[in-house]
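There are 2 protein chains.
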Amino acid sequence: MNQAVVLLSGGLDSTTTLAIAREQGFAAYCLSIDYGQRHRVELQCAQRIAEKLGAVEHRILRLDLRAIGGSALTDTIDVPKDRSESAISHGIPVTYVPARNTILLAVALGYAEVVGAFDLFIGANVLDYSGYPDCRPEFLECFERLANLATKAGVEGLGKFRVHAPLLKRTKAEIIREGVRLGVDYSLTLSCYDPDDQWRACGRCDSCLLRKKGFLEAGVPDPTIYRE
Amino acid sequence: MNQAVVLLSGGLDSTTTLAIAREQGFAAYCLSIDYGQRHRVELQCAQRIAEKLGAVEHRILRLDLRAIGGSALTDTIDVPKDRSESAISHGIPVTYVPARNTILLAVALGYAEVVGAFDLFIGANVLDYSGYPDCRPEFLECFERLANLATKAGVEGLGKFRVHAPLLKRTKAEIIREGVRLGVDYSLTLSCYDPDDQWRACGRCDSCLLRKKGFLEAGVPDPTIYRE
Chain A
276 MNQAVVLLSG
286 GLDSTTTLAI
296 AREQGFAAYC
306 LSIDYGQRHR
316 VELQCAQRIA
326 EKLGAVEHRI
336 LRLDLRAIGG
346 SALTDTIDVP
356 KDRSESAISH
366 GIPVTYVPAR
376 NTILLAVALG
386 YAEVVGAFDL
396 FIGANVLDYS
406 GYPDCRPEFL
416 ECFERLANLA
426 TKAGVEGLGK
436 FRVHAPLLKR
446 TKAEIIREGV
456 RLGVDYSLTL
466 SCYDPDDQWR
476 ACGRCDSCLL
486 RKKGFLEAGV
496 PDPTIYRE
Chain B
276 MNQAVVLLSG
286 GLDSTTTLAI
296 AREQGFAAYC
306 LSIDYGQRHR
316 VELQCAQRIA
326 EKLGAVEHRI
336 LRLDLRAIGG
346 SALTDTIDVP
356 KDRSESAISH
366 GIPVTYVPAR
376 NTILLAVALG
386 YAEVVGAFDL
396 FIGANVLDYS
406 GYPDCRPEFL
416 ECFERLANLA
426 TKAGVEGLGK
436 FRVHAPLLKR
446 TKAEIIREGV
456 RLGVDYSLTL
466 SCYDPDDQWR
476 ACGRCDSCLL
486 RKKGFLEAGV
496 PDPTIYRE
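Chains as they are written, first to last, in the working numbering: chain A, 276 to 503; chain B, 276 to 503.
So that you can see chain A by itself, here it is in the shape it has in the complex (with noise of 0.2 Å):
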């Protein structure tokens, strides 16, 4: 079987890309990072979905990124609350993470490479927040690209680092479909940027707003639990 790591925040859409790893065969090594986000209760998520899901490890890195600030998920600065679906979609978000995308697959790489992976999946989405770069599809490709320049095992030729990123171009209706079809449990994840200390989602961040329109289009019950 072969392995591969899976960035996992505990959110929807890195877990439907975990049961999409495991479907199509691979020995999932689960990654997290507390990059001091305020919505840290994902990442005991992570920790009960990596386990539902079969994964052979799951490790949670630290890496405090409110060292070095600028993002409303790292910094002081609001959570956007309430916004229409058209502001949403247009431009950069304060809720980006500067170079974070970037940062997470080169700490997901230095895994692989330990635990001789050469697959890296990823639930980089490029229609919820068009406005992300570091989600579009010529990123993610000079990234691999990069791994294999990056490391003793690409250089060596063990394999070739392949970067995975299955739900890039569906939308969130479509993710929680498939999801269900594998039989994720979507009521063990969060995705909301602003959660309650009992794991309560607020459903009014711009990521609840799109979690609950996703069910909608897609003929699902929601199973968040919502504070409000």
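Some hints here could point you the wrong way.
The list treats identical chains as interchangeable, and a pair is accepted whether it falls inside one copy or across any two copies.
[As the list claims (entries may be wrong)] DSS-like cross-link-like pairs, simulated, lysine-lysine; straight-line CA separation at most 25 Å:
hint, residue 1, residue 2
1, K488, K444
2, K427, K356
3, K487, K327
4, K356, K435
5, K327, K427
6, K444, K427
7, K356, K488
8, K488, K435
9, K427, K487
10, K435, K487
11, K487, K444
12, K435, K327
13, K356, K487
These aren't lab readings, by the way, just hints derived from the structure by calculation. Since the model is a prediction, treat every value here as computed from it, not as a measurement.
Place chain B on chain A using the hints.
This is chain B only, laid out in the frame that chain A set:
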């Protein structure tokens, strides 16, 4: 004055790189990563060096790479000692940290985006450790391309990211002579992979051996304090 992010480990190469960035007129934002390395006293060296060389600020970011392991610098693997010059310069040593420069540059990129810098300085050198894949020019060029695809600042055309590796093809002796010309006080720097708690170098790891030889060939007195 243009801003630059300078990756500063506290060693000889990164210190010289900072001096070069300063001479080129950049306002330096120094970044050190506490990745759980054995030789963590180098982080304190970095702080003193940043001050001495007039950096705007110095940030230390914690990223505990011990969570993924795989290197003598972060693991319990022994640091090799007393190796011959040809053993040092061939193959990839156990002190290789998986994907290290990819990770360092990724974090530097995030920091650059926050402070509005487009220039990243790294003390990578291709001669000393011919085996490190992520010190090669093609790797650095690929990262530069990635940086412009990955970021809000790159996509919005606010500027073009550049990766500077001014020491890439210089010998250790050339680096030391350049540093001396720029007034670098090398007694502040620490290169050893296995220093004691009084910051004294072992004198026998690959890094110490290369450093010693560099001072000898440069005809510059070696200010390093060795413990044996």
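Using 25 Å as the alpha-carbon threshold, which applies to K356 and K487: within, between, both, or neither? The answer is within: 14 Å in one copy meets 25 Å, while 59 Å across copies does not.
Cα distance capped at 25 Å. Does K356 pair with K488 within a copy, between copies, both, or neither? within (15 Å within a copy, 60 Å between copies)
How would you classify K435 and K327 at a CA-CA limit of 25 Å: within, between, both, or neither? neither (29 Å within a copy, 44 Å between copies)
As a check of your reading, is K488 near K444 (CA-CA no more than 25 Å) within one copy, between copies, both or neither? within (17 Å within a copy, 55 Å between copies)
Is it within, between, both or neither when you check K444 against K427 at 25 Å Cα-Cα? Classified as between; 20 Å across copies, 32 Å inside a copy.
Homomeric proximity label, K487 with K444: Cα distance no greater than 25 Å: within (19 Å within a copy, 55 Å between copies)
From the Cα coordinates, with 25 Å as the cut-off, is the pair K435 and K487 best called within, between, both, or neither? Classified as neither; 38 Å inside a copy, 38 Å across copies.
From the Cα coordinates, with 25 Å as the cut-off, is the pair K356 and K435 best called within, between, both, or neither? neither (42 Å within a copy, 33 Å between copies)
Within, between, both or neither: K327, K427 at alpha-carbon 25 Å: neither (33 Å within a copy, 36 Å between copies)
At most 25 Å between CA atoms: does that hold for K488 and K435 within a copy, between copies, both, or neither? neither (38 Å within a copy, 37 Å between copies)
Alpha-carbon proximity between K487 and K327, which holds within one copy, between copies, both or neither at 25 Å: For K487 and K327, the Cα distance is within 25 Å only inside one copy (23 Å; across copies 54 Å).
I want to check one pair: K427 and K356. Are their C-alpha atoms no more than 25 Å apart within a copy, between two copies, both, or neither? between (45 Å within a copy, 22 Å between copies)
Taken one by one, the earlier hints fail for this structure at numbers 4, 5, 8, 9, 10 and 12, listed in ascending order.
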